[in-house]
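Asks: Those protein sequence lines, which keep their order, are chains A and B.
In terms of numbering that gives the first Met the number 0, the first sequence opens at residue 0 and continues consecutively.
In terms of numbering that gives the first Met the number 0, the second sequence opens at residue 0 and continues consecutively.
FYI, nobody ran anything at the bench for these hints, they're computed from the structure.
Heads up, some of the hints might be wrong.
[Said to hold, decoys possible] Below, in silico cross-link-like pairs of lysine-lysine (DSSO-like), each with a Cα-Cα straight-line distance of 30 angstroms or less:
{"no.": "1", "chain 1": "A", "residue 1": "K92", "chain 2": "B", "residue 2": "K69"}
{"no.": "2", "chain 1": "B", "residue 1": "K65", "chain 2": "B", "residue 2": "K26"}
{"no.": "3", "chain 1": "A", "residue 1": "K93", "chain 2": "B", "residue 2": "K224"}
[Unchecked claim] So the derived label-pair ranges between C-beta atoms look like this:
{"no.": "4", "chain 1": "A", "residue 1": "L28", "chain 2": "B", "residue 2": "E34", "range": "43 to 51 angstroms"}
{"no.": "5", "chain 1": "A", "residue 1": "R155", "chain 2": "B", "residue 2": "P98", "range": "16 to 24 angstroms"}
{"no.": "6", "chain 1": "A", "residue 1": "K33", "chain 2": "B", "residue 2": "I15", "range": "34 to 42 angstroms"}
{"no.": "7", "chain 1": "B", "residue 1": "F28", "chain 2": "A", "residue 2": "Y70", "range": "33 to 41 angstroms"}
In this text, a Cβ means the ideal position worked out from N, Cα and C, and glycines have one as well.
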Amino acid sequence: MTAYFAILLTAILTGNFVLCKFLGICPFLGVSKKLNTALGMSAAVVFVMALATAVTYPINKYLLVKNDLEYLQTIVFILVIAALVQLVEIVLKKFMPPLYNALGIYLPLITTNCAVLGVVILNVDEGYFAQSMFNSVGAGLGFMLAMVIFSGVRSRLESCDVPKFLQGLPIVLIAASIVSLSFMGFTGLVEGLLGL
Amino acid sequence: MNPILLAVLIVSVIGILAAVGLTVASKVFAVPVDEKAEEIRACLPGANCGACGFSGCDGYAAALSKGETKETTLCAPGGQDVAQQIGEITGLAVGNMTPVAAVVLCQGHNDNAVIKLEYQGVQSCRMAAQIFGGPKECIYGCLGYGDCVAACDYEAIHLCNGIARVDPHLCRACRKCVKTCPKGLIEMLPLEGTEAAVLCKNHDKGAVTRKECKAGCIGCMKCVKACPEEAITIDRFCAHVDYEKCVGCGACHEQCPVSAINLITLAKHA
């Protein structure tokens, strides 16, 4: 049980996909302007990450590894993720049109969100099915945490008097780097907390 | 089996499975598209300003096509033309729109208003207003940090000697600035014809107002007595004109000792 908790904490805090592994920066910068769209986007990412792992893990284990076709991982995983994102898009359009409109172009962009592909590939490289699922859910939650924190930072930025040459994306990137730096403070937390 | 063939087979099978799944899903979760709403949406300006009272242009178009509203004249930026087009699509009666434009009811520019403190905080009216009602002695007046300028989608508002001024020819009457102004100084005036307007919202007593701003309404009642149409009323030491009754004769302007009441002609005569 401790191991699963450690995986979850690592994926959320010490090994945060956005702030420590620098994956999925595009939606991180693109959709973090408002809290509710940030939450909606992260929820979609959590869902897609979990689903993608659940589907790709058996494909990898029983189809690719058995036939010595590991080199197909990237293309097969992208195929699966793309199809899943399309499915999420169709379902969202039907049941949550406001969220669908708010996410706009960033929803199909989950397809090319390297965080999703990253978590899937890292999962099949090292781990068993249950661990993989925990890791992907944790990665999604970590993504959500980063998005929520950063949407707060950005709403503060809105009312700041920013020098002209830093206005817009430059100051956002600087803020992102500082938030990322603050996550380095979690180094060693999991080991210390759980006595590993 | 040939490993290349196997690889091709596996990828194709996964691709076909995904395609079939997506096709089924798109049929099961198909969303019916409201063609009438799309048509109405196409002729709306797309500013999503919310002046109509709905959540943007999509909301107004959907409400019209579903029959939730029968008002075709709610789109202020679109004006009469858009109302006409909506009427043609929906078959609803088209009412008449009185064209209006925003006006900032303050003359407290740098030469008129007295400054009480030096403000060095965030350059925003909303922020400045929280510190003793702003840096000007008059707590009712325009602060001149341009929250309305930022709110305007049409670049119709500019700062001019410390106060905001609206260009009526660029104003599309979306009322975003009206909602933004922390002092509630911006009002919509009829675009056609000439109206008298009190360019002051100061509700202090006359003697106090006099010390705060050279152009502040002191509530002396001279305009009330001068008006032949009885269009002017005084509310808490500040005059207000009923634009419905005003004929633009200018009698009030001649009487006003502080030039707070002015004749305004927004639309230039051709």
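Asks: Could you tell me which of the hints above the structure violates, numbers in ascending order?
Replies: 3, 4 and 5
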